[in-house]
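2 protein chains.
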Amino acid sequence: MTKTRPLLLNAFEMAGVGYYAQGCWSHPESMRIRYKDLSYWTERASMLDAAGFHSLFFADVLGVYDVYRNSPDPAIAGAVDFPLNDPVIVIAAMLGASQNLSFAVTASTTYEQPFPFARRFATLDHLSKGRIAWNVVTSYLPNAARNYGLKDQMPHAERYERAEEFLEVVYKLLEGSWEDDAVLYDKVAKVYADPAKVHRIDHAGKYFSVQGPSITEPSIQRTPVIFQAGASARGIEFAARHAEVVFVNGMNPEGLRANVDRLRDAAEKIGRGRYDIKVVTDLSAVIGASQAEAEQKADAVRAAQSPEAQYAAFGGASGYDLSKYHDDDTLTSEPAKNFSRSEGARFTSEKKRPDSVGEIKKRLINLSPYASTMVGTPAHIADEMERIAAITDIDGFTLHEFVTPHDFETFVAEVMPILEQRGLFEPARKPMSFRQRLFDKGDRLPETHPAAAFRRHG
Amino acid sequence: MTKTRPLLLNAFEMAGVGYYAQGCWSHPESMRIRYKDLSYWTERASMLDAAGFHSLFFADVLGVYDVYRNSPDPAIAGAVDFPLNDPVIVIAAMLGASQNLSFAVTASTTYEQPFPFARRFATLDHLSKGRIAWNVVTSYLPNAARNYGLKDQMPHAERYERAEEFLEVVYKLLEGSWEDDAVLYDKVAKVYADPAKVHRIDHAGKYFSVQGPSITEPSIQRTPVIFQAGASARGIEFAARHAEVVFVNGMNPEGLRANVDRLRDAAEKIGRGRYDIKVVTDLSAVIGASQAEAEQKADAVRAAQSPEAQYAAFGGASGYDLSKYHDDDTLTSEPAKNFSRSEGARFTSEKKRPDSVGEIKKRLINLSPYASTMVGTPAHIADEMERIAAITDIDGFTLHEFVTPHDFETFVAEVMPILEQRGLFEPARKPMSFRQRLFDKGDRLPETHPAAAFRRHG
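Residue numbers (the numbering used here), protein chains in the order written: chain A, 1 to 458; chain B, 1 to 458.
Because the hints were derived from the structure by calculation, they are not lab data.
All C-beta atoms, glycine included, are put in the ideal place defined by N, C-alpha and C.
Among the hints, erroneous ones may be present.
Stated by the list, open to error - One side only, chain A facing chain B, incomplete, derived with CB under 8 Å:
1. E29
2. M31
3. K36
4. L38
5. G63
6. D73
7. A79
8. N85
9. I89
10. L95
11. R119
12. L127
13. Y192
14. Q211
15. T216
16. M251
For reference, chain A alone in the conformation it holds in the complex (with noise of 0.2 Å):
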């Protein structure tokens, strides 16, 4: 086993009632239900931020999942992801609530504009003084489509070649648009910026036209940090050109080391760092004092669980639609047009012999159907975190909870101050970007990033 680096520990979260592990708001215990009041999101931000994470990351969707029974009331029904509040809002209401824990949230290339979603970014990323990712995403919901005007969901290729327009006129708008000494702030002269450098961008291109010059000033990181986390072979490639941090998952430890090499290979391949990628993979803990009480509470856990809800998360995910299925079918077939391939995918090329469906099922409502999940003391959580970052070559992981706030605050209690002894984390406790934070080269994108083409010079 290679020594470990310290991990990245990275927060999840969704500004809904709804959760990764659909129906788990009604377990007993469980307080989403109050992810309408700001004071929920202001005890989070400053919790987390206390104990030293790195990152809080919100999820999104921008429609309801339909798939299912061919019907949204399954998601209505089981608060699948919906209601959804916008996460951009609540993430800057937990600006002033936190210090040096970054955040991260989801953006979709094929609903946002470039010229506003800039502008967003760099507002979030001035008031937080660098503490801002984006998690680039292209969307698959076809509700969403519908919802922002579309008869339906974009074709995949075309979806990707907007993504890629779009990141070229963010890096023109955020990286090209001011140079560096372009604020001057004479009060005497009365010129604040220096108009001979500042720059419109004329961007003309197939799917945006954007005159420019950027509306802001430059923040501390310019781009802010970028996500990613397509798993087909075209995300592949987007993510090894244009993130910095990509969550990848696997059926096991061993499928993860692939699906981790495949990654860093693409990246070196065109000339960047093999580690210039932050690689977290999805993490789920049932943390209990004695393996039997862990066992207790998972068994709480499972007992809270949705199948209804969690086949509609499923359907709407994967295209598939589990009602229409007998448990020994097999998912063989093409799902609906367009939607994100790796769900399904999961189930099925990944493995020799494909899952039934039955077997599907029974997965969906045991616990957390795509993340590593453990269950055990909080020793042993941590040995299972040091040996799956061993094997995998793995930067950190993406913690997900079943009970909320619960399972954050007894990770946070039990688990880190292991980690920590163990030098598998360091904790948060200098202000500083998050690009730094993350990779020790300063604030902003380094040379060999494609949104380095960009810049302006004198």
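Using the hints, position chain B against chain A.
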């Protein structure tokens, strides 16, 4: 003089270094450079909140002014509403630093999409417990259009047509999608919401096509309080129909009274109450312990004002490039199409003899060219506010400052106690929704408002 009702007090802000009276960031005591710091905003919110101020309003601009000298350079050099951060993010970041202060923010129906817009404002309304207002604008800036992929700005009539449809979609989402008793939060049955009470909106119009349902559950106010400022005939018609708070100005109290009456008449004509709309007018105050000290402070403000910056702002809003005129010309010809008519109109159509360009230039750099400007002792300011309110039948004032944060702090410390003592001001001391504070008739829009038509019951 009629007896004056307690006044609504609304503070004016912009999320940048520049501000209404251009150049004042260069005043030796101005701290506007701090606009990028979270602490600047939280201090501001908590100071106004402690004073019992009713609301803090953010203007917004989505590009750079480039009419004056046919160039963006004067606006960039002078920080004329540029750079400008995202005010929605700034407001979200202030929520935790305030309890009773409400927030109003400008957002454009020309450049936003109604679905994410509704989610953003519903999230703000949830987290603030109903303290949010939306200032509806249709935007007038050619550079903004070109930042959003359009060749040029939309014609005035089309902008209003789109605004009407935008509001209809927002009403359908926020008033009509989730019934009041849709949320069950039944942990035993694992049912969060009753799907039979959460409706798609299936809007298919000329500008927007939105399926729904709304992704947010109802917030306290559902629809945010609606602000508006249109001064054209079409703008007044729009305001009379939709707005709850309207910004109205005039060259003098008599002119203002005529504009106020015109608006109230229009509201009454379509079945809303004469006082269902709160009318507020702009106010700038230079306050001194003596008249002489106030005059001295006013001179220091004039010294900080920047003619080039002010002409750039005037050009951006009116379409008139003052660099092309001689001082004895008048602005009788039409400016570039589709600009905000109100800016130029202040200097042309409202007066029997139009001002000469030389006179306009002088006025533009003599304290605030647009707002009622008062220079004097605290008692004088209070007298003037009382007098203007009585003559004009307005409901309140939007307070501007020249020197940040000195002017607001002085107004709070010196003028507000006098207003309160005279019964002209009731501080916001108890938490409640903004709509309830304004009208004392509940949190939701009244049945006489057009939004009520989109509600669904049972």
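Would you list, in rising numerical order, the hints stated earlier that this structure does not obey? Violated hints (numbers, rising): 1, 2 and 16; every other hint is consistent with the structure.
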